[in-house]
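Protein chains in written order, with my numbering: chain A, 1377 to 1685; chain B, 1377 to 1685.
Possibly wrong hints are sitting among the right ones.
Since the list gives no way to pick one copy over another, a pair counts as held whenever it fits inside one copy or between any two copies.
Unchecked claim - Below, computed lysine-lysine pairings styled on BS3-like, alpha-carbon distance capped at 25 Å:
#1 K1387 / K1653
#2 K1685 / K1653
#3 K1464 / K1499
#4 K1499 / K1409
#5 K1499 / K1562
#6 K1409 / K1380
#7 K1562 / K1505
Simulated from the structure, these hints should not be mistaken for lab results.
Letter by letter, the chains look like this.
2 protein chains.
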Amino acid sequence: MINKLTEKIKKTNAPIVVGLDPMLDYVPEQIKKAAFEQYGETLEGAAEAIWQFNKAIVDATCELIPAVKPQIAMYEQFGVPGLGAFQKTVDYCHKKDLVVIGDVKRGDIGSTSSAYAVGHLGKVTVGSKSCAAFDEDFATVNPYLGTDGIKPFVDVCREEKKGLFILVKTSNPSSGEFQDRLIDGKPLYEYVGEKVAEWGADHMSDSYSYIGAVVGATYPEIGKVLRKVMPKSYILVPGYGAQGGKGADLVHYFNEDGLGAIVNSSRGIIAAYKQEKYARFGAEHFAEASRAAVEDMIADINGALQAVK
Amino acid sequence: MINKLTEKIKKTNAPIVVGLDPMLDYVPEQIKKAAFEQYGETLEGAAEAIWQFNKAIVDATCELIPAVKPQIAMYEQFGVPGLGAFQKTVDYCHKKDLVVIGDVKRGDIGSTSSAYAVGHLGKVTVGSKSCAAFDEDFATVNPYLGTDGIKPFVDVCREEKKGLFILVKTSNPSSGEFQDRLIDGKPLYEYVGEKVAEWGADHMSDSYSYIGAVVGATYPEIGKVLRKVMPKSYILVPGYGAQGGKGADLVHYFNEDGLGAIVNSSRGIIAAYKQEKYARFGAEHFAEASRAAVEDMIADINGALQAVK
């Protein structure tokens, strides 16, 4: 799957991923109205609204991008119906040949981590059958529990040829509280990065490992360091756009081959029509506004990468 | 809700929680057969089997215990139907007046953490309505992302009078890889423990805080230290029984008032009928085997607590 991701990035010339994190506030009134008329102001109504919203954005942007990253929390808040919308979104993106990164940030131990791995990336045994459940291509994973928490995911990835992005340095202001703590003069995130490199070394595809990392766009100096610590790992970069990261900040997250990083934008793309810059599209043409925002993001990042060549 | 937990622990004289982590392998053949006949060997069939299994165990043990802890991974592996079984289990346990600790180990930042908090502990706004989704009483949370990840959960807990158990020191063999790293001579778990105490100080109930911690039974010396670091926090203790922890190891997880800890057992209770000790019940009477295992666990822990008085 990391080969597929690389091929798709090369083909689209777009090292980006669209974060499908549909807050109900982002969904235009006409979509909510139709959904609530059908299902009421219920969890089912909310689930229908975010699904229709996603579908329009995927239709408008899928030719331009290699991958999407649905954030499961935004679906899970609507309970079982919300998770139904997550499942529909994953399945629809697969139909459109997009790589799907499930931003699930799961992490547990032993058989529990195995259950998450199987549910999101593999197949679960039911009697004499093997059944796929959510079936994303990549999942994000939290490393706080150590190797016991990661290994069950790696095992499933090896079998299914899927991949992981492990949280190393997150984009939020307080990420340093624990992640930046110095241990013998070296910050915790660097230890975690070394582990990612170690876990990934046994799990290589052609030129990159199936085991990648999450490093926030908001800490470019740390990104530069971690790029060297994990040379064979893809870096998934949140924090671009709405959180403050710019293309020029991100050049050091990439390797010299121009690959090795994929930059996420969520709100900046899916709620583009709410920005002054794209207001001309109006709420009715929200998906076209998202398409324009994708084009601008690609130009920004590629421009920055060209400038350092 | 922490008051309710305390009251129920006193009333049952049982500082324990039954982990509802239903692997399909634990479910007796007669239940699987009935479920597969109705739904086939599908995700729906698996979901029905684990729900019927849970229901029987809850019926057999609910008078003896204050709380249950369903591990969501074991449901999530069966996709949307599995999460339907999780929801049914939570609702049924509430009907039986049990405190429900959702073992979800979620953790993200900002609006994403808010979404998890709302989905598991609060109410989500849909149009003019407020809807509850999973609606557990407590949730477990991963601290790796720092205060930004925790605060949205704390805010929802304050509003809803619900609570958290934050991962501090987990029970697994490799938990020390990051959690035990020394920072200025002090292990990371102790820093996290201090943060739990700090987060919890603003969020007190009568005698305990709504913000608790997870500390594994497999590290009793660390439990003793962390008890003092977080005197007002309940400690949720996994790792008893199948993972090796014994009642005598756990006395220092409790405060002098005999409260402040709640010990979880999952496999040791729900799959008790598979142990030699309870084999006399047979697969047919698996729920009675679980009840006997609960009685033995309560006696073991209370015996150990009496011995140090």
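Exercise. 25 Å Cα cut-off: does K1499 pair with K1409 within a copy, between copies, both or neither?
Worked result: between (37 Å within a copy, 21 Å between copies)
Exercise. Should K1387 paired with K1653 be assigned to within, between, both, or neither, using CA atoms and 25 Å as the limit?
Worked result: Neither, since 28 Å and 61 Å both go past 25 Å.
For this session: Can you give me the call for K1685 and K1653, within, between, both or neither, at a CA distance of at most 25 Å?
Result: neither (29 Å within a copy, 70 Å between copies)
For this session: With 25 Å as the alpha-carbon cut-off, assign the pair K1464 and K1499 to within, between, both or neither.
Result: Both ways: K1464 and K1499 sit 18 Å apart in one copy and 23 Å across, limit 25 Å.
Exercise. With identical chains treated as interchangeable, where does the CA-CA distance between K1562 and K1505 reach 25 Å or less: within a copy, between copies, both, or neither?
Worked result: neither (48 Å within a copy, 49 Å between copies)
Exercise. For the identical chains here, do K1409 and K1380 meet the 25 Å Cα criterion within one copy, between copies, both, or neither?
Worked result: This pair counts as neither: shortest intra-copy Cα distance 38 Å, inter-copy 41 Å.
Exercise. With identical chains treated as interchangeable, where does the CA-CA distance between K1499 and K1562 reach 25 Å or less: within a copy, between copies, both, or neither?
Worked result: So K1499 and K1562 fail the 25 Å test inside a copy (39 Å) and across (42 Å) alike.
When the structure is compared with the earlier hints, violations turn up for hints 1, 2, 5, 6 and 7 and for no others.
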